[in-house]
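A.B. asks: Each chain is listed here by its residues.
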Amino acid sequence: MTNKEDEKKGSRYERNESIFQWILIVSSIILLLILIGIFVTLPLNSMDSIKEFGLRFVISTDWSPQKELFGALPFIVGTLLTSFIALLFSIPFALSIALFLGEYFTHGIISTILKSAVELLAGIPSIIYGFWGIFVLVPVIRMLQIKLGIAPYGVGIFTSAVILTIMIIPYSASIGREVIQLVPNDYKEAAYSMGATRFEVIRQVILPIARSGVLAGIILSLGRALGETMAVTMLIGNVNKLPDFSVAVPEGFSLFSFHSYVTLFDNILKGFLDGVFSPSNTMASIIANEFTETTTDLQLSSIVEIGLVLFIMTLIINLIGRYIIKKTSVM
Amino acid sequence: MNKTILKTENLCAYFTDEKVLKDVNIQFERNKVTAIMGPSGCGKTTLIRTINRMHELVPGARITGRIILEEDNIATLHPILVRRRIGMVFQRPNPFPTMSIFENVIAGYKLNGIHLPKDEMNQTVEEALKGAALWDEVKDVLHRKGTFLSGGQQQRLCIARALAMRPPVILLDEPTSALDPKATSSIEELIVELKDTVTILIVTHNTAQAARVSDFTAFMYLGELIEFGTTQKMFTVPDHKKTEEYLTGKFG
Amino acid sequence: MKERTYYRIARDKIFISTVVLLCAISIVPLLLILYYIAINGISAINWEFLFNLPAPVGEEGGGVSNAIIGTLMLVVIASIMAVPIGILTGIYLSENKDSRFAGMIRSTVEVIMGVPSIILGIIAYAWVVLPMRQFSALAGGVALAIMMLPVIIRSTEETLNLIPNELKEASLALGVPYYRTMIKVILPVGLSGIITGILLGVARIAGETAPLLFTAFGNQFMNLNIFKPVNSLPLMIYYYATSPYEQWHVDAWGASFLLAIFVLGLNFITKLVARR
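Chains as they are written, first to last, in this note's numbering: chain A, 1 to 331; chain B, 1 to 252; chain C, 1 to 276.
Source of the hints: derived by calculation from the structure; they are not laboratory data. Backbone N, C-alpha and C define an ideal beta-carbon position, used for all residues, glycine too. Hints may be right or wrong, so weigh each one.
[As the list claims (entries may be wrong)] As a list, the in silico DSS-like pairs of lysine-lysine whose alpha-carbon atoms are at most 25 Å apart:
| no. | chain 1 | residue 1 | chain 2 | residue 2 |
| --- | --- | --- | --- | --- |
| 1 | B | K195 | B | K233 |
| 2 | A | K9 | C | K97 |
| 3 | C | K97 | A | K327 |
[As the list claims (entries may be wrong)] Take a look, some chain B residues computed to stay more than 12 Å from chain C by CB distance:
| no. | residue |
| --- | --- |
| 4 | K3 |
| 5 | K19 |
| 6 | R66 |
| 7 | N73 |
| 8 | L116 |
| 9 | D136 |
| 10 | K139 |
| 11 | F148 |
| 12 | L179 |
| 13 | T184 |
| 14 | L194 |
| 15 | K233 |
| 16 | V237 |
| 17 | T248 |
[To be verified] Here are the computed distance ranges between Cβ atoms for each label pair:
| no. | chain 1 | residue 1 | chain 2 | residue 2 | range |
| --- | --- | --- | --- | --- | --- |
| 18 | C | R275 | B | G229 | 41 to 49 Å |
| 19 | A | I113 | B | I114 | 51 to 59 Å |
| 20 | A | E14 | B | A208 | 38 to 46 Å |
| 21 | A | N185 | C | E110 | 25 to 33 Å |
| 22 | A | I36 | C | S99 | 53 to 61 Å |
| 23 | C | E158 | A | L69 | 45 to 53 Å |
| 24 | A | L182 | B | T236 | 54 to 62 Å |
| 25 | B | A208 | A | G10 | 41 to 49 Å |
| 26 | A | T294 | C | T242 | 15 to 23 Å |
Model the full assembly from the supplied sequences, consistent with the hints where possible.
C.D. replies: In structure tokens form, the structure reads like this:
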């Protein structure tokens with residue numbers, strides 16, 4: 001083999017290696033371009049409404065195509081209410097599943113059954129949750145509303161929150177389970193050897209250690225809830241107003257009458273229930289409902305701006321969740 | 001034909017700024033087994049990995065000096081061409097799991113796109129497996145995947161894979177540390193038989209093994225070649241105190 | 001002291017009972033959903049349902065054939081875009097664990113994974129529907145491809161990370177160039193993991209509705225042209241379920257049944273493949 005042949009062969013290999021490396025890098029850059037594209041496209045297409053409304057957009061409650069006045073507050077509130085209620089409801093269930101699979105039954109057939117069930121729950125498409133919700137959940141909520149003496153809409157914030165709860169349980173449950181399982185056995189055994197009950201070990205050893213991870217799981221499932229669209233759209237009632245939490249002051253209210261206070265308390269309760277059960281819209285659902293029905297450019301621009309707000313909100317929540325996870329695994 | 005088949009001249013190896021081989025000058029004799037020994041971190045594995053240019057796979061790794069294989073300075077040749085002329089067998093047997101035994105042996109050709117006529121291919125495989133003392137055990141199951149073989153058999157498959165390329169030199173990097181005693185002794189027998197066809201460099205931390213299989217021994221410490229000589233001399237009357245201490249188990 | 005111990009033991013038992021109870025309650029919605037889909041869905045399925053086009057309200061014999069084909073079309077279009085880029089990026093990330101650029105790409109992938117699917121619909125609308133001036137299967141495919149990418153990238157990277165380094169070294173030591181080592185040795189070893197990732201990606205996008213609302217948009221008729229709007233099972237379920245027509249509700253249950261079988265079946269298959 002002469003040196004010339006060797007050199008030619010050598011440079012051929014070098015060239016093929018470079019081509020391969022370049023293909024890999026280009027492919028990765030595409031991902032970067034997609035993200036940059038998202039960051040650029042949303043503001044670009046909401047320029048009209050950003051220029052028109054400025055910062056007022058996020059605190060205004062107007063939504064009137066005729067008057068060409070648009071504001072995002074009702075939808076922001078709707079999103080936050082449904083998501084936080086769902087988050088609250090989901091915590092006991094998610095935590096129970098996480099403890100069940102991570103501590104009590106880590107192996108065996110019962111564990112497999114529950115694990116599969118949770119994975120199935122996570123795999124059901126959102127549209128099916130919504131569809132099922134319309135025909136099964138809504139009548140139940142309606143009955144509940146009649147019992148409570150409020151308007152029997154059936155749909156509304158509460159109904160959406162219930163379906164959201166079911167949908168986000170698998171996310172915080174699986175992150176929680178991983179973190180709980182990772183708690184080193186040494187600490188647990190030390191506690192048991194001192195005569196602690198299982199509950200005490202969980203409360204005083206496992207949960208404190210797993211706390212950040214569980215928190216991260218909860219935050220990430222919040223991110224999921226904020227962006228959830230179809231199920232919520234079908235169950236929230238499509239009303240573009242702020243939920244009505246107003247409390248009626250009783251007539252002839254007197255500071256000294258016990259009866260007045262009872263009526264006032266009753267009215268506060270009714271106001272609260274009215275608000276929680278009111279039909280509404282979230283940022284995702286207004287986009288789903290009105291994107292193809294916009295009549296003016298300004299309206300479309302406002303819808304896209306709502307999308308921008310939603311994007312920023314979920315981005316921040318997800319970054320916070322990931323930051324917590326990173327901090328605890330570096331530990 | 002020159003007695004020396006492979007030699008290094010002022011060979012230094014670096015990991016970015018850290019110098020891990022310091023001016024190694026060593027000559028390996030044709031058709032003999034040379035053992036390279038020393039405590040952990042002495043540079044023995046680095047030495048053989050510079051010879052087949054695997055050292056530079058780590059980012060920031062480089063070498064200076066010359067490595068002469070039968071008149072060519074392989075330190076400046078393209079690494080791929082070097083690796084095709086030198087075979088390597090690793091500590092843990094690593095046959096390719098998605099390939100059959102046959103395909104594993106011929107992998108050096110197949111993966112490099114070197115097309116062999118069918119007869120030549122069959123002959124190469126048979127020769128290599130016979131050379132690795134594995135032919136009789138697998139000749140009827142050549143087209144099954146190699147993962148069902150025992151550890152010792154898998155290692156011999158890896159040796160056959162290296163032999164199939166007909167390299168003049170084969171590097172063995174602690175080839176028996178992951179094997180049980182029975183498999184270890186069959187590999188050691190094989191090594192002694194193989195030296196008639198190839199020159200063997202074997203890195204080992206097992207001093208008894210070096211005494212059993214090698215003709216020459218090199219002792220390294222902290223990146224330097226401390227002593228080199230016939231195995232018989234090294235194990236009975238070594239020149240350096242450190243050599244003696246290592247070989248009698250005082251450290252390492 | 002004894003009473004305190006009894007109290008602690010009782011508390012322990014109550015706690016585990018509560019945990020088990022809450023877990024059991026969590027499964028109830030799953031059972032209810034599966035039950036309703038099965039009961040209502042199976043009765044809607046027949047030959048006409050599977051092979052006919054949708055019929056106008058009031059007419060008998062409507063089917064979901066265009067939705068089934070449309071779903072498959074969208075999955076194929078999305079896969080053609082997402083699978084090559086996903087696998088290549090997965091290879092890059094697995095081979096460059098320490099580089100800062102790779103870390104940036106990894107973060108990018110995670111961020112994209114967290115973007116709500118309806119936002120991706122807006123993006124695909126701006127990038128494809130607006131320039132083309134019409135809704136199309138292509139636009140829907142683009143939105144779904146962006147959703148599919150992170151799933152494929154993550155599972156490719158994880159699969160390749162599990163492959164022992166020695167395999168790569170064995171190939172390199174034979175004088176095989178790096179790129180051939182990756183393509184002919186490493187990728188085949190990781191093939192089942194990569195395929196699992198693709199199947200998971202398909203399962204994720206097949207049931208998506210939101211990003212299709214203003215990209216693929218939906219279609220009464222059968223359409224095989226990727227530059228025109230196309231129907232899909234989730235879209236059909238949405239439009240039918242929110243309509244006031246009883247017959248369409250029945251069809252929506254049937255479509256839900258089909259969709260659920262497809263998505264959950266895919267998930268089940270990936271479990272089997274992963275076990276190998």
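A.B. asks: The structure should be examined with respect to each hint, and the outcome stated for every one.
C.D. replies: Now for the hints, and whether the structure bears them out:
1. At roughly 20 Å between alpha-carbon atoms, K195 of chain B and K233 of chain B fall within 25 Å of each other, so this suggested pair holds.
2. This hinted pair does not check out: K9 of chain A and K97 of chain C have alpha carbons roughly 30 Å apart, beyond 25 Å.
3. At roughly 19 Å between alpha-carbon atoms, K97 of chain C and K327 of chain A fall within 25 Å of each other, so this suggested pair holds.
4. Every beta carbon of chain C lies more than 12 Å from that of K3 of chain B, the smallest distance being close to 26 Å; the non-interface claim holds.
5. With a least CB separation of 22 Å from chain C, K19 of chain B remains clear of the 12 Å interface cut-off, as annotated.
6. At roughly 21 Å from the closest C-beta of chain C, the C-beta of R66 of chain B stays outside 12 Å, upholding its exclusion from the interface.
7. The non-interface label for N73 of chain B is consistent with chain C: the shortest C-beta to C-beta separation is roughly 18 Å, beyond 12 Å.
8. With 12 Å as the threshold on Cβ separation, the claim that L116 of chain B sits away from chain C holds: the shortest Cβ distance comes to roughly 15 Å.
9. Under the 12 Å C-beta cut-off, the non-interface status given to D136 of chain B relative to chain C holds; the minimum distance is some 24 Å.
10. No beta-carbon of chain C is positioned within 12 Å of the beta-carbon of K139 of chain B; the least distance is around 23 Å.
11. The beta carbon of F148 of chain B is kept farther than 12 Å from every beta carbon of chain C, the shortest such distance being approximately 16 Å.
12. A cut-off of 12 Å between C-beta atoms confirms that L179 of chain B is not in contact with chain C; the least separation is 15 Å.
13. Distance to chain C confirms T184 of chain B as a non-interface residue, since its nearest Cβ pair spans about 19 Å, more than 12 Å.
14. Residue-level check passed: L194 of chain B sits 17 Å from the nearest beta carbon of chain C, beyond 12 Å.
15. With 12 Å as the threshold on Cβ separation, the claim that K233 of chain B sits away from chain C holds: the shortest Cβ distance comes to roughly 32 Å.
16. Distance to chain C confirms V237 of chain B as a non-interface residue, since its nearest Cβ pair spans about 37 Å, more than 12 Å.
17. Against the 12 Å criterion, T248 of chain B stays outside the reach of chain C, whose nearest CB is about 33 Å from its own CB.
18. Roughly 55 Å separates the CB atoms of R275 of chain C and G229 of chain B, a value that falls outside the hinted 41 to 49 Å.
19. Checked against the hint of 51 to 59 Å, the pair I113 of chain A and I114 of chain B passes, with Cβ atoms roughly 54 Å apart.
20. Range check, E14 of chain A to A208 of chain B: about 45 Å between beta-carbon atoms, so the 38 to 46 Å window is met.
21. In this structure the hint that N185 of chain A and E110 of chain C lie 25 to 33 Å apart at CB holds, the actual value being about 31 Å.
22. The beta-carbon spacing between I36 of chain A and S99 of chain C, approximately 20 Å, falls outside the hinted interval of 53 to 61 Å.
23. Against the hinted window of 45 to 53 Å, the Cβ-Cβ separation of E158 of chain C and L69 of chain A comes to about 50 Å, which satisfies the hint.
24. The beta-carbon spacing between L182 of chain A and T236 of chain B, approximately 55 Å, falls within the hinted interval of 54 to 62 Å.
25. A hinted range of 41 to 49 Å holds for the C-beta pair A208 of chain B and G10 of chain A, which are about 42 Å apart.
26. As the Cβ distance of T294 of chain A to T242 of chain C is approximately 19 Å, the hint placing it in 15 to 23 Å holds.
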